[in-house]
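There are 4 protein chains.
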Amino acid sequence: MQIGLVGLGKMGGNMRERIRKGGHTVIGYDRNQEISDSKDLQDMVNQLTEGPKVVWVMLPIQFVDETVTQLVDMLSPGDIIIDGGNSKWTNDKRHAEQLKAKGIGFLDCGVSGGIWGLEYGYALMVGGEAADVAMVQPIFDALKPESEYGFVHAGAHGAGHFAKMVHNGIEYALMQAYAEGWELLEKAEEVTDVPKIFESWKEGTVIRSWLLDLTVDALHKDPHLDKIDDIAEDSGEGRWTVNAAVDLGVPVPTIAASLFARFVSQQEDKPAMKMIAAMRNEFGGHAVVAAQPEKTMTPGEGGNPKGH
Amino acid sequence: MQIGLVGLGKMGGNMRERIRKGGHTVIGYDRNQEISDSKDLQDMVNQLTEGPKVVWVMLPIQFVDETVTQLVDMLSPGDIIIDGGNSKWTNDKRHAEQLKAKGIGFLDCGVSGGIWGLEYGYALMVGGEAADVAMVQPIFDALKPESEYGFVHAGAHGAGHFAKMVHNGIEYALMQAYAEGWELLEKAEEVTDVPKIFESWKEGTVIRSWLLDLTVDALHKDPHLDKIDDIAEDSGEGRWTVNAAVDLGVPVPTIAASLFARFVSQQEDKPAMKMIAAMRNEFGGHAVVAAQPEKTMTPGEGGNPKGH
Amino acid sequence: MQIGLVGLGKMGGNMRERIRKGGHTVIGYDRNQEISDSKDLQDMVNQLTEGPKVVWVMLPIQFVDETVTQLVDMLSPGDIIIDGGNSKWTNDKRHAEQLKAKGIGFLDCGVSGGIWGLEYGYALMVGGEAADVAMVQPIFDALKPESEYGFVHAGAHGAGHFAKMVHNGIEYALMQAYAEGWELLEKAEEVTDVPKIFESWKEGTVIRSWLLDLTVDALHKDPHLDKIDDIAEDSGEGRWTVNAAVDLGVPVPTIAASLFARFVSQQEDKPAMKMIAAMRNEFGGHAVVAAQPEKTMTPGEGGNPKGH
Amino acid sequence: MQIGLVGLGKMGGNMRERIRKGGHTVIGYDRNQEISDSKDLQDMVNQLTEGPKVVWVMLPIQFVDETVTQLVDMLSPGDIIIDGGNSKWTNDKRHAEQLKAKGIGFLDCGVSGGIWGLEYGYALMVGGEAADVAMVQPIFDALKPESEYGFVHAGAHGAGHFAKMVHNGIEYALMQAYAEGWELLEKAEEVTDVPKIFESWKEGTVIRSWLLDLTVDALHKDPHLDKIDDIAEDSGEGRWTVNAAVDLGVPVPTIAASLFARFVSQQEDKPAMKMIAAMRNEFGGHAVVAAQPEKTMTPGEGGNPKGH
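Protein chains in written order, with the numbering used here: chain W, 1 to 308; chain A, 1 to 308; chain Y, 1 to 308; chain F, 1 to 308.
FYI, nobody ran anything at the bench for these hints, they're computed from the structure.
Be aware that a few hints might be false.
One copy or two, either will do: identical chains are not told apart, so a pair holds if it fits within one copy or between any two.
Unchecked claim - Subject to a maximum C-alpha distance of 30 Å in a straight line, what follows is the list of computed BS3-like cross-link-like pairs (lysine-lysine):
1) Lys88 / Lys39
2) Lys39 / Lys102
3) Lys227 / Lys196
4) Lys100 / Lys187
Just need the whole structure built from these sequences, with the hints factored in.
Next comes the structure, spelled out in structure tokens:
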């Protein structure tokens with residue numbers, strides 16, 4: 001079948017390639033004319049000539065509203081727009097209603113797979129109406145891994161992005177779990193070869209996983225991660241997950257802790273710790289102690305430096 | 001080679017079988033004579049007739065001290081004892097010194113694999129001296145999975161159990177992460193089929209793992225886990241991991257949060273929450289509000305019921 | 001001066017009394033005619049006859065929009081509306097703009113004090129323009145405690161409710177801190193009189209506070225809190241605080257942990273713990289162990305029941 | 001009455017002064033002869049001439065064992081030793097038994113008050129037998145604040161230090177709570193004067209406390225804490241509290257989170273965050289995205305940079 005694909009960046013470009021390998025026709029559009037298959041959005045739509053038009057939008061969240069609104073005027077009843085970007089699930093209902101008013105279908109699709117997706121397939125989580133899902137199914141089949149897994153119609157409009165968001169929330173906590181274990185092993189005197197321990201865990205353990213495999217790859221390249229900055233960025237999904245959990249009254253202590261650990265890593269200073277230090281100065285002469293000569297801590301000279 | 005194996009319970013029994021499949025001779029001892037290969041501990045030792053004697057102790061932690069002490073008198077310089085149970089790593093140095101005084105070698109070995117180990121092999125994390133590890137290597141090779149992974153000489157005495165402890169600490173947080181994500185999906189109105197979402201994650205996603213596979217198995221049997229009690233037991237390792245982290249100054253927010261979530265699940269009541277509720281009663285007439293008729297919350301009758 | 005007060009519930013009623021004690025005229029309105037000073041909202045506005053009209057809205061959040069919109073048509077340029085309820089700070093800018101279009105001033109005012117406020121005064125956190133604050137200052141002075149503290153012009157529109165929200169977020173974590181300490185003392189064998197320990201902390205300690213005083217009062221009435229349900233409700237502010245922190249990239253581990261503890265206490269079952277238990281069943285025969293007779297844990301019969 | 005006081009550091013020196021103000025005789029000993037009242041420990045003991053001898057040890061934990069052992073040989077049945085330092089409660093039973101064998105009494109006494117104690121009195125939490133407490137009561141009365149609070153006989157041997165440990169654990173979480181709230185206010189655009197907000201909270205609020213007062217003092221000196229390092233030290237008690245909670249199965253999420261926040265602040269780099277960053281590099285070309293020119297994020301050029 002034919003499909004229009006808006007956004008040919010790292011993800012969109014690879015997805016175009018994988019869909020084409022699946023035997024379908026992709027008319028891509030990207031503002032960067034060197035990689036675009038069409039002059040502009042209208043040209044892309046015009047090149048879709050067979051049956052109902054299907055357009056996959058693969059853009060950063062801040063450009064989705066504008067693009068959907070432009071497409072409304074170019075499409076006709078019975079056509080379908082898929083938002084495959086990392087959009088917030090709360091936007092999906094709005095887009096679905098905006099398009100329904102014109103008779104255009106809408107699907108939200110969370111996509112996982114990153115740079116590995118081109119070769120192994122992308123995991124797809126889709127929200128929307130069953131008839132619309134059915135129409136786009138050949139494209140989903142081309143994108144997903146060659147196995148019985150990797151695709152789900154997760155529910156109504158928004159369910160696809162919600163499922164992808166939760167996937168990423170879980171991912172945050174899984175990563176933090178391995179990271180905490182790694183730091184602990186690095187600190188233990190008895191332990192001599194942390195990378196080998198992680199590598200050994202790849203088989204036979206309860207904690208074997210794809211993320212563990214990646215951890216091993218990273219430790220092979222840099223056994224103590226000396227070349228890596230200690231800053232962990234976060235994308236929207238981790239924040240949205242915690243916010244959604246709070247709104248739904250769901251306790252998510254590990255996902256929240258993972259997110260907060262990243263926040264701290266992103267700070268140049270740690271304001272809360274300044275406040276803790278300031279309070280300690282106030283109540284305890286902790287600063288005073290720090291300024292005293294070391295020898296006051298020897299027996300008989302001592303006292304109780306922290307008797308607050 | 002020959003090996004004595006003390007403790008033929010669920011783990012020990014299966015390990016005997018797997019070692020035998022590897023072509024080795026196992027003389028097992030268990031107080032339960034129906035499954036034991038020997039009359040008593042001394043009889044087991046006596047049946048080990050080839051070269052240095054190797055005895056694998058596979059007992060709950062509370063019986064290890066006693067058994068090691070009994071074995072000291074039955075073994076000779078050059079022999080080796082392996083503690084393969086879920087012992088605390090801090091015990092290992094003590095056992096190593098106790099045995100070294102008699103010229104007997106000691107290895108600590110963390111074992112992962114559970115009921116799946118018999119078929120797929122056990123992941124082994126070993127601490128102790130290289131020469132001792134080399135002597136027992138044929139047994140390790142029989143127990144481990146048939147792949148290049150699943151075995152590590154992790155370091156000095158204690159390193160094996162330390163690595164296994166950290167493995168379990170990580171496991172706690174991984175499990176909690178999936179559990180939080182599952183609860184969140186269950187609460188989302190848009191989402192219609194949570195088991196299918198989990199199943200779809202088995203391929204192509206960042207969070208695919210053996211634990212995810214088990215989660216899917218559990219949801220197949222009981223889609224909303226209605227038949228499962230909401231009590232999550234904890235074994236020693238999770239607690240030891242947090243205590244070790246605290247002693248080493250390592251922040252482990254997700255592992256600790258996972259452990260605390262299990263503690264709460266084990267409580268018949270939640271004392272801290274009683275205290276929160278009691279304080280709310282004191283400062284705010286929260287109880288008073290609760291006792292008022294609903295209609296006071298309608299407009300114009302209202303007020304600010306929580307203006308503390 | 002004169003002021004109109006909408007909502008004469010628990011908070012509003014007491015505030016009317018305290019403002020009157022301060023020598024001012026309050027025309028209250030409540031749908032409950034037994035406690036109302038006016039027939040309806042219009043009648044209340046009509047009774048305000050001196051200078052610019054000042055109306056204080058003291059309603060649950062869900063009724064504020066409607067009431068503000070009704071008041072717009074009854075007020076004139078130069079008049080002022082104060083939202084003193086537990087409104088979300090993000091609503092304040094909207095209300096300020098809605099009113100500014102008609103030349104009416106707006107102040108948001110977070111109010112703390114609960115049932116104690118009538119006697120000791122209410123702590124007030126106000127957001128909005130300085131000229132508007134100045135006009136209402138006599139009312140603020142009547143409401144606040146008789147000390148130099150208890151009132152702040154916190155910043156622009158929304159700052160009052162934001163400050164109050166943060167106040168409540170801090171409150172959540174403070175309460176949880178005392179509750180954790182209390183539970184720990186209750187569990188320690190050596191400790192014989194927990195209420196007396198809490199009482200002793202009222203003087204000379206680092207942790208003395210008003211909340212501690214309330215804790216002592218609660219323990220005097222019920223030394224082990226046997227009569228209190230272990231359910232801790234949460235109001236909007238705790239949730240808003242965590243959401244605001246997430247949006248601003250601020251790590252709030254203790255405030256979030258406090259909120260999640262309350263969420264868990266509110267659940268009839270604990271879904272995440274079901275999932276943990278289900279996974280344990282899958283990987284480990286933990287259920288199998290549980291079903292085995294106790295005696296398998298004796299030495300020599302043993303094995304390693306948790307060797308996953 | 002007479003008392004010997006070992007350790008005249010910051011705490012011990014002030015306590016000597018306060019006990020003397022209470023009308024008692026203090027024979028202090030400190031290795032620093034300039035501040036000592038006695039030549040050595042034996043000389044101090046010799047100068048205690050009235051009735052049973054009472055010796056208060058006020059030393060850092062690492063010197064307590066040695067000093068207690070020295071005192072055993074200098075004291076007689078019926079005498080009493082008090083450990084008033086920040087000792088671990090688990091040491092107290094051992095000391096009590098060591099001394100009981102010689103007929104010497106033992107009390108453990110947690111002391112709070114810091115540099116403020118000299119003027120306002122020290123809060124005292126005492127563990128041990130009632131008869132021993134009664135004998136030392138005049139000294140406790142001299143040290144404690146002049147109010148009905150500030151002293152408790154908390155229970156058996158160890159209960160005093162346990163109560164003090166929990167006090168400090170609570171303190172960690174209280175401090176973190178204010179610190180989180182402060183950081184959040186600092187980040188909010190609407191808020192213009194954070195120190196004034198904190199100051200206003202001193203009266204009429206739920207969160208008023210001595211720690212809040214100290215916070216206000218600190219903000220008066222340095223409104224944004226620009227001169228304070230963002231490193232929060234921890235002393236033993238916070239760690240002991242979390243370890244004790246883990247051993248007793250008590251969930252302490254806020255106390256643990258407070259401790260971990262300090263751990264992170266003490267790290268030169270944050271190892272766990274390196275691991276998170278390394279994993280992100282592996283799975284997602286996150287580094288690759290970072291290296292791409294900014295313009296790829298504009299519409300139509302876009303793609304989905306985080307579609308893992």
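Each hint tested on the structure:
1. Lys88 / Lys39: Close inside one copy (29 Å), not across copies (47 Å); limit 30 Å.
2. Lys39 / Lys102: The answer is within: 25 Å in one copy meets 30 Å, while 49 Å across copies does not.
3. Lys227 / Lys196: within (19 Å within a copy, 40 Å between copies)
4. Lys100 / Lys187: between (58 Å within a copy, 26 Å between copies)
The earlier numbered hints are all upheld by this structure, with none contradicted.
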